[in-house]
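Visitor: For reference, the chains in residue letters:
Protein chains: 2
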Amino acid sequence: MENLGLYTKLTSQPLFTGMSRDELERIVTQTRFDFIKAAPGHPIVAEGDRCGRLLLLVDGLMEAVTTADDRGYAVSEQLRAPFTLQPELVFGLSQRHTSTFAALTPCSLISIDKNETLRLTASSLILRLNLLNLLSTALQKQRHTPWRSLPHDLDHRVRRFFADHCLYPGGHKVFHIKMRRLAAELNDTRLRVSQVLNALQADGLLTLGRSRIVVPSMEALVG
Amino acid sequence: MENLGLYTKLTSQPLFTGMSRDELERIVTQTRFDFIKAAPGHPIVAEGDRCGRLLLLVDGLMEAVTTADDRGYAVSEQLRAPFTLQPELVFGLSQRHTSTFAALTPCSLISIDKNETLRLTASSLILRLNLLNLLSTALQKQRHTPWRSLPHDLDHRVRRFFADHCLYPGGHKVFHIKMRRLAAELNDTRLRVSQVLNALQADGLLTLGRSRIVVPSMEALVG
Numbered sequence: 483m484e485n486l487g488l489y490t491k492l493t494s495q496p497l498f499t500g501m502s503r504d505e506l507e508r509i510v511t512q513t514r515f516d517f518i519k520a521a522p523g524h525p526i527v528a529e530g531d532r533c534g535r536l537l538l539l540v541d542g543l544m545e546a547v548t549t550a551d552d553r554g555y556a557v558s559e560q561l562r563a564p565f566t567l568q569p570e571l572v573f574g575l576s577q578r579h580t581s582t583f584a585a586l587t588p589c590s591l592i593s594i595d596k597n598e599t600l601r602l603t604a605s606s607l608i609l610r611l612n613l614l615n616l617l618s619t620a621l622q623k624q625r626h627t628p629w630r631s632l633p634h635d636l637d638h639r640v641r642r643f644f645a646d647h648c649l650y651p652g653g654h655k656v657f658h659i660k661m662r663r664l665a666a667e668l669n670d671t672r673l674r675v676s677q678v679l680n681a682l683q684a685d686g687l688l689t690l691g692r693s694r695i696v697v698p699s700m701e702a703l704v705g
Numbered sequence: 483m484e485n486l487g488l489y490t491k492l493t494s495q496p497l498f499t500g501m502s503r504d505e506l507e508r509i510v511t512q513t514r515f516d517f518i519k520a521a522p523g524h525p526i527v528a529e530g531d532r533c534g535r536l537l538l539l540v541d542g543l544m545e546a547v548t549t550a551d552d553r554g555y556a557v558s559e560q561l562r563a564p565f566t567l568q569p570e571l572v573f574g575l576s577q578r579h580t581s582t583f584a585a586l587t588p589c590s591l592i593s594i595d596k597n598e599t600l601r602l603t604a605s606s607l608i609l610r611l612n613l614l615n616l617l618s619t620a621l622q623k624q625r626h627t628p629w630r631s632l633p634h635d636l637d638h639r640v641r642r643f644f645a646d647h648c649l650y651p652g653g654h655k656v657f658h659i660k661m662r663r664l665a666a667e668l669n670d671t672r673l674r675v676s677q678v679l680n681a682l683q684a685d686g687l688l689t690l691g692r693s694r695i696v697v698p699s700m701e702a703l704v705g
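So the sequence lines, in the order shown, correspond to chains A and B.
Here the first sequence is numbered in our numbering, starting from 483 and rising by one per residue.
Here the second sequence is numbered in our numbering, starting from 483 and rising by one per residue.
Bear in mind the hints are in silico, worked out from the structure with no lab data behind them.
Certain hints may be false.
Since copy identity is lost for identical chains, a pair holds within one copy or between any two.
[What the hints assert, rightly or not] EDC-like, lysine to aspartate or glutamate: derived pairs with alpha carbons at most 20 Å apart:
(1) Lys660 with Asp541
(2) Lys596 with Asp670
(3) Lys519 with Asp637
(4) Lys623 with Asp541
(5) Lys660 with Asp504
(6) Lys596 with Asp685
(7) Lys596 with Glu529
(8) Lys623 with Asp552
(9) Lys519 with Glu505
(10) Lys660 with Glu505
(11) Lys596 with Asp635
(12) Lys623 with Asp646
(13) Lys491 with Asp552
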């Protein structure tokens with residue numbers, strides 16, 4: 483019964499998509515999974531923590547906070563299961579989290595350490611393909627960003643700034659940023675940026691607060 | 483003798499780094515490599531061509547041209563062996579080249595098709611690790627770019643624009659871009675951009691031509 487639930491959770495994770503019941507059963511019995519629970523308000527991982535493992539949110543809603551290098555602004559996002567937490571940190575040069583994740587509702591995660599992940603990528607063709615596809619698709623998308631067409635007005639430049647500062651392109655976001663800093667990032671004037679933000683607020687796409695901009699639906703803002 | 487040269491070439495490729503002579507020998511005898519030669523001035527792959535294979539430059543100097551989505555500007559780079567051509571295109575959502583590559587000197591390449599690559603990533607731990615590390619490191623770097631500290635003046639914003647539009651962060655580049663377009667990309671005035679470019683030219687970091695900016699050494703410009 484315990485395992486039945488686990489199968490269902492795993493098949494909804496992008497990295498396990500497409501696996502037969504038999505293969506999943508083999509993986510579940512032969513792999514060391516660590517199960518992590520986090521109560522609402524409790525941390526999952528902090529920026530700077532060592533990663534070096536696959537970390538999958540299988541249940542719950544969490545908040546991810548990413549802060550600019552100079553600590554000048556931060557973005558907080560609500561992310562719902564299934565979600566893979568920074569899969570680019572299992573391997574590669576830097577293996578420390580660059581965002582802080584905390585539970586908003588009771589959260590369940592599965593952690594698979596680096597060696598187990600490496601072993602799984604050898605024994606399971608599907609997992610290997612899924613991981614290579616996940617990393618490659620994300621890299622294709624990121625490498626494409628500098629070459630996108632120029633936004634034709636400040637309104638679209640503001641929307642693009644918001645979109646480019648998200649781990650996930652949809653859902654609820656809070657941008658903790660002063661209008662002056664947003665203007666500096668866009669190389670425009672505070673007045674013009676303020677006009678654009680107020681127009682977006684009038685359209686119901688965001689709410690302006692003190693040093694914070696709440697975007698209830700990133701899909702609506704970018705769409 | 484033929485194989486000896488091939489071993490040397492392969493060990494210098496990032497994807498084969500760290501392999502023992504024995505492992506390389508096994509891979510060379512058990513893998514179907516396709517060898518590609520291109521004479522100076524001849525195309526290697528064109529933007530839009532299907533990739534779906536590992537493509538390694540083992541000898542020679544090539545030119546890569548990447549064009550903005552709206553065809554408003556293009557960047558041409560000189561790239562020397564060893565170089566892996568867009569390794570993020572072997573797997574993932576889009577498997578078509580986004581740059582055009584042509585030989586500047588006689589070029590030799592090795593191509594390993596997707597299925598062979600997938601088989602190699604199962605049989606060789608080192609190749610699997612190298613590929614996962616390569617994709618992960620590139621993705622970490624790209625995902626970090628929006629969070630970098632704000633350039634404190636237009637001079638640094640211009641240099642960052644150049645750096646962000648390169649496949650490889652070093653070497654000789656030609657930016658085929660009008661000053662008006664560069665100014666629009668930076669949301670600044672043509673006059674101010676022209677002043678910055680002329681100062682960089684006076685420092686010997688670039689040469690201004692008609693709709694083109696030649697950067698002899700990207701390391702010097704960015705460093």
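Visitor: Does each hint hold? Answer for all of them.
Guide: Hint by hint, here is what the structure shows:
Taking identical chains as interchangeable, the C-alpha atoms of Lys660 and Asp541 are never at most 20 Å apart, the minima being 34 Å within one chain and 51 Å between chains. Taking CA atoms no more than 20 Å apart as the test, Lys596 paired with Asp670 passes in neither setting, with 45 Å inside one copy and 46 Å between copies. Within a single copy, Lys519 and Asp637 get their C-alpha atoms no closer than 41 Å, and across copies no closer than 49 Å, so neither meets the 20 Å cut-off. Within a single copy, Lys623 and Asp541 get their C-alpha atoms no closer than 27 Å, and across copies no closer than 29 Å, so neither meets the 20 Å cut-off.
Proximity of Lys660 and Asp504 under a CA criterion of 20 Å is satisfied in neither setting, with 53 Å inside one chain copy and 59 Å between copies. In this homomeric assembly, Lys596 and Asp685 never come within 20 Å of each other (Cα to Cα): the closest approach is 46 Å inside a single copy and 48 Å across copies. When the C-alpha separation of Lys596 and Glu529 is checked against a cutoff of 20 Å, the pair qualifies only within one copy, where the shortest distance is 19 Å, while the shortest distance between copies is 36 Å. With identical chains, the CA atoms of Lys623 and Asp552 are at most 20 Å apart between copies only, with a shortest distance of 17 Å across copies and 25 Å within one.
Taking CA atoms no more than 20 Å apart as the test, Lys519 paired with Glu505 passes in neither setting, with 26 Å inside one copy and 43 Å between copies. Taking the shortest Cα distances, Lys660 and Glu505 never come within 20 Å of each other, neither inside one copy (51 Å) nor across copies (56 Å). Taking the shortest Cα distances, Lys596 and Asp635 never come within 20 Å of each other, neither inside one copy (45 Å) nor across copies (42 Å). Both within a single protomer and between protomers do Lys623 and Asp646 lie at most 20 Å apart by alpha-carbon distance, with minima of 11 Å and 14 Å respectively.
For the identical chains of this complex, Lys491 and Asp552 are neighbours neither inside a copy (38 Å) nor across copies (42 Å), given an alpha-carbon limit of 20 Å.
Hint compliance for this structure: hints 1, 2, 3, 4, 5, 6, 9, 10, 11, 13 are not met, and every other hint is.
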